[in-house]
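Visitor: Input sequences plus hints: build the corresponding full structure.
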Amino acid sequence: DQQVKQNSPSLSVQEGRISILNCDYTNSMFDYFLWYKKYPAEGPTFLISISSIKDKNEDGRFTVFLNKSAKHLSLHIVPSQPGDSAVYFCAATGYFGNEKLTFGTGTRLTIIP
Amino acid sequence: ETGVTQSPTHLIKTRGQQVTLRCSSQSGHNTVSWYQQALGQGPQFIFQYYREEENGRGNFPPRFSGLQFPNYSSELNVNALELDDSALYLCASSSRDRGPPTQETQYFGPGTRLLVL
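So the sequences go chain by chain: X and E.
Each residue of the first sequence is one higher than the one before, counting from 2 in the working numbering.
Each residue of the second sequence is one higher than the one before, counting from 167 in the working numbering.
If you're looking for bench data, these hints aren't it; they were derived computationally from the structure.
It cannot be assumed that every hint is accurate.
What the hints assert, rightly or not - With the C-beta cut set under 10 angstroms, the calculated list includes, among others, these residues of chain X facing chain E:
no.	residue
1	S50
2	G105
3	T106
Claimed, not checked - Covered stretches of chain E (in silico footprint by chain X; criterion: 3 or more residues with CB under 8 angstroms from a CB of chain X, positions within the stretch not fixed):
no.	segment
4	195-208
5	213-224
To be verified - Some residues of chain E that are not near chain X, with every Cβ distance over 10 angstroms (derived):
no.	residue
6	P174
7	P227
8	P228
9	F230
10	S231
11	P236
12	E241
13	N243
14	N245
15	T271
16	Y273
17	G277
18	V282
For each residue, glycine too, the CB sits at the ideal point set by N, CA and C.
Guide: This is the structure we're talking about:
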């Protein structure tokens with residue numbers, strides 16, 4: 002029962018272009034969504050989040066969009082940089098945010114110089 | 167402000183043995199959650215501790231147990247290790263007391279990589 006899905010295991014993007022990572026969820030009780038970035042041999046690093054009462058949140062080069070009716074969120078990185086190469090995990094949780102996180106299986110992003 | 171730390175960074179055990187993993191939460195955080203990440207998968211929630219009490223558990227057998235101490239650090243204990251327990255074990259800390267409308271973010275440590283032979 003995969004409640005959070007990242008259907009693209011990998012994505013390659015030219016440096017300077019836009020990277021778009023997608024995530025779908027099935028549980029309508031999810032209320033808070035997060036993106037984490039993970040380098041090999043490190044723990045996940047928090048990147049950006051969005052509450053279900055919003056449809057967009059921006060932080061520098063990173064923007065997360067949420068479409069509640071479609072149960073879909075996406076992470077946009079503009080412009081993409083070589084240091085962005087990592088595995089990106091989408092996660093979802095309840096209203097308070099500090100309940101259990103349900104993760105997708107991750108998308109490996111490779112930025113091509 | 168110190169981040170989440172975990173020890174050891176990696177270890178090797180044999181089937182049937184017991185293991186204890188440790189986590190120090192980020193300063194100001196009173197909640198610790200443990201996750202298991204198998205190769206090629208996303209992290210899976212094991213359980214959470216808040217003020218020294220278990221506060222939610224995922225689909226893991228009772229041989230996975232934990233503790234939280236008054237300083238909010240935590241331990242994960244796994245008994246009767248199985249080959250499938252080989253994974254990266256992640257600890258995340260957050261705060262539960264600030265309440266809505268603040269939505270708390272969980273911050274992760276670097277993990278402990280466990281190999282069971």
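Visitor: State for each hint whether it applies.
Guide: So, going through the hints one by one against the coordinates:
no., hint, in the structure
1, S50, "holds, 6 angstroms"
2, G105, "holds, 5 angstroms"
3, T106, "holds, 5 angstroms"
4, 195-208, "holds (count 6)"
5, 213-224, "holds (count 3)"
6, P174, "holds, 14 angstroms"
7, P227, "holds, 17 angstroms"
8, P228, "holds, 18 angstroms"
9, F230, "holds, 14 angstroms"
10, S231, "holds, 17 angstroms"
11, P236, "holds, 19 angstroms"
12, E241, "holds, 17 angstroms"
13, N243, "holds, 19 angstroms"
14, N245, "holds, 22 angstroms"
15, T271, "violated, 5 angstroms"
16, Y273, "violated, 6 angstroms"
17, G277, "violated, 5 angstroms"
18, V282, "holds, 19 angstroms"
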